[in-house]
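A.B. asks: Read off the chains here:
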Amino acid sequence: MSEPSSAGAEAPAERVRPEPIKAVPVRHPGRWVAVAVIVVLVAMFVHMLVTNPAFQWSFMVNHMFRSPIIEGVRTTLVMTVLAMLVGILLGIVAAVLRLSPNPVLSTAAWLYTWFFRAVPRYVLLVLFGNLGILYARFEFGLPFDHQIADLLGIDFSARIFGLNANTFLTGFTAGLIGLALSEGAYMAEIVRAGIQSVDPGQNEAAQALGMGRAATMRRIILPQAMRVVVPPTGNEVTAMLKDTSLLVAVPVTNELFFQLEAIGNRTFQVFPMLVAACLWYLALSSILMIGQYFLERYFGRGFGTQQRRRRLGIRGGAGGA
Amino acid sequence: MSTPMVLSENVHKSFGHLEVLKGIDLKVDPGEVMCILGPSGSGKSTFLRCINHLEKINAGKLWVDGQLVGYQERGGKLHELSEKHIAAQRRDIGMVFQRFNLFPHKTVLDNVIEAPVQVKKERKADARDRARTLLDRVGLGAKVDNYPAQLSGGQQQRVAIARALAMRPKLMLFDEPTSALDPELVGEVLDVMRALAEDGMTMVVVTHEIGFAREVGDSLVFMDGGVVVESGPPREVINNPQHERTKSFLSKVL
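Heads up: the protein sequence lines correspond to chains A and B, in order.
Position one of the first sequence corresponds to residue 1103 (the working numbering), numbered consecutively onward.
Position one of the second sequence corresponds to residue 278 (the working numbering), numbered consecutively onward.
The shape of chain A in the complex, shown without the other chains (with noise of 0.2 Å):
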């Protein structure tokens, strides 16, 4: 049955599948060890859950869905979606304009990009919760006019409309503002390396069909820089949720982390409740993982091999838009 057949000899249809290798595996002690360890480690965590009292596990459930918790949860949210779609808006703007021929518009973009990452965001928070100090009202409308009038020595105002800076900036707006205009410094360089790891052929190859410079940039280099810009975004997005929280420096106290410590303060159970927060963001941000992952997915067309595509679910062929 095993004897080896002479060479050549018998046409290959006729030789018989040998049976499949049974091998015994190598073993592996080391992994034993570990698991071992692992294990005592976490049974000596989860005994500590249970059994130290500071812990307060139903007090902790008790309180951390209350009504101001879940409005916190809201403003934190809301506050990281808004900051990150203006934050990114203001990334591309300025990667784009960093990029550009024009020296002065990326010398401008250079700038923007050194001031707002300088600068801590608690202090920027800070600095715009107190912007009311540098001005009463903002007023739209044409630059000096008053002080070109005043040359002139006639009575002229071009104000369009103006607004209380009290009204205006109010916590949650400054606390957006402070946060947006950091976040685009640094969506800025994440955005600048998407570009660069576009392939400059593909730059060439829409030139050379005649599209211009924006529609070049608008339809063929960032949706492919896109690939290489959602991961750090994904990060940048988590950061953000978690920054939410430096926002009481505004103030804006009804964001989630502030509510949660009030509650621990009030009731004298400040550990349940760092507990919570430490679970409530532990749970947001992983439903951000999963937005982050499905957008992953969508910039990823049309790369990476068949497997990796099955893998991920996409038919062959379909999708695109």
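Hints may contain errors.
Okay, derived cross-link-like pairs now, SDA-like style, lysine to any residue, Cα gap no bigger than 20 Å in a straight line [what the hints assert, rightly or not]: (1) B:333 with A:1303; (2) B:398 with A:1303; (3) B:398 with A:1204; (4) B:397 with A:1315; (5) B:333 with A:1202; (6) B:333 with A:1305; (7) B:397 with A:1302; (8) B:398 with A:1320; (9) B:361 with A:1318; (10) B:333 with A:1304; (11) B:361 with A:1202; (12) B:397 with A:1344; (13) B:304 with A:1344; (14) B:333 with A:1360; (15) B:398 with A:1321; (16) B:361 with A:1305; (17) B:401 with A:1272; (18) B:398 with A:1360; (19) A:1344 with A:1360; (20) B:397 with A:1316; (21) B:401 with A:1203; (22) B:333 with A:1315; (23) B:361 with A:1203; (24) B:397 with A:1318; (25) B:361 with A:1344; (26) B:401 with A:1320; (27) B:398 with A:1344; (28) B:397 with A:1314; (29) B:401 with A:1318; (30) B:361 with A:1320; (31) B:361 with A:1304; (32) B:333 with A:1204; (33) B:333 with A:1302; (34) B:361 with A:1204; (35) B:361 with A:1360; (36) B:361 with A:1314; (37) B:398 with A:1317; (38) B:398 with A:1314; (39) B:397 with A:1202; (40) B:397 with A:1305.
Keep in mind the hints are simulated off the structure, nothing from the lab.
Following the hints, complete the assembly by docking chain B onto the known chain A.
C.D. replies: Chain B only, in chain A's frame:
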């Protein structure tokens, strides 16, 4: 006499201190297929890229279909064209690249309709119909919904040709269209190009395919060191080269 499709007069191009083109004079008539041969670094690809202004020339003059490329002459002075006008000039010139440069995030069909819809503002349905016809012509009617990464190199290059043809160009530029392909896939791309030549398309082809140049080309140009060493009917240049440089190059590639 009809206007030449491409006319190049003493064209020079430098990258920094390196002069890549040192005075190129060439003429391509409508319907002509010109093949450009030469060792790498001879400036042949650079010259091709000057024709649709992907590279800016430093001296000399270059016309496509009677229009100066990238400039306008007013009152005896050259004025740079705005980006919009340069884009408009490029619309009539198709280009096929060595590395295909298909848009990887778009399906084959979307690659082909992108420029007609975005640039020429054609209706999507019309553009799709025409794209399907073009893809049928290059033998890829069954691949319209695939992404470029799912196609072989030869298939990708044929899509790239269809994409360029979708703009109804009056001139097609080919920059070593088969150099990045496996040897067995070269033939299918050359077949498409041959059919295009037979339809009367004006073509400038930078290539290493001597056989193609001999059989399909109306004229052959041999470049080396940034100058045209020799040009003429392909069979004459290939069978009976006059210059030493041409002889030694052909002896190595034939």
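A.B. asks: Need the status of pair residue 398 (chain B), residue 1317 (chain A): alpha-carbon distance at most 20 Å?
C.D. replies: Measuring from Cα to Cα gives roughly 13 Å; hence the hint holds.
A.B. asks: Please work out if residue 397 (chain B) and residue 1302 (chain A) have their alpha carbons no farther apart than 20 Å.
C.D. replies: violated (24 Å)
A.B. asks: Given the proposed pairing of residue 361 (chain B) with residue 1318 (chain A), does the C-alpha separation stay at or below 20 Å?
C.D. replies: holds (13 Å)
A.B. asks: What's the verdict on residue 397 (chain B) and residue 1202 (chain A), does the C-alpha distance respect the 20 Å limit or exceed it?
C.D. replies: violated (26 Å)
A.B. asks: Would the hint linking residue 361 (chain B) and residue 1360 (chain A) be met if the CA-CA limit is 20 Å?
C.D. replies: At roughly 54 Å apart (the allowed maximum being 20 Å), residue 1360 (chain A) and residue 361 (chain B) break the hint.
A.B. asks: Does residue 1203 (chain A) lie within 20 Å of residue 401 (chain B) when you go C-alpha to C-alpha?
C.D. replies: Cα-Cα ~33 Å, so violated.
A.B. asks: Is the Cα-Cα distance between residue 361 (chain B) and residue 1204 (chain A) 20 Å or less?
C.D. replies: holds (17 Å)
A.B. asks: Straight-line Cα separation of residue 397 (chain B) and residue 1314 (chain A) no greater than 20 Å?
C.D. replies: Within the cut-off at roughly 12 Å; holds.
A.B. asks: Given the proposed pairing of residue 333 (chain B) with residue 1304 (chain A), does the C-alpha separation stay at or below 20 Å?
C.D. replies: holds (19 Å)
A.B. asks: CA of residue 361 (chain B) to CA of residue 1304 (chain A), is that 20 Å or under?
C.D. replies: Answer holds: residue 361 (chain B) to residue 1304 (chain A) is near 19 Å, not above 20 Å.
A.B. asks: Taken at face value, is the distance from the CA of residue 1302 (chain A) to the CA of residue 333 (chain B) at most 20 Å?
C.D. replies: The hint holds at about 17 Å.
A.B. asks: Run the distance test for residue 397 (chain B) versus residue 1305 (chain A): straight-line Cα separation, threshold 20 Å.
C.D. replies: Distance ~18 Å between residue 397 (chain B) and residue 1305 (chain A) Cα, so the pair holds.
Violation of the numbered hints given earlier is confined to hints 2, 3, 7, 12, 13, 14, 17, 18, 21, 25, 27, 35 and 39; the remaining hints are satisfied by the structure.
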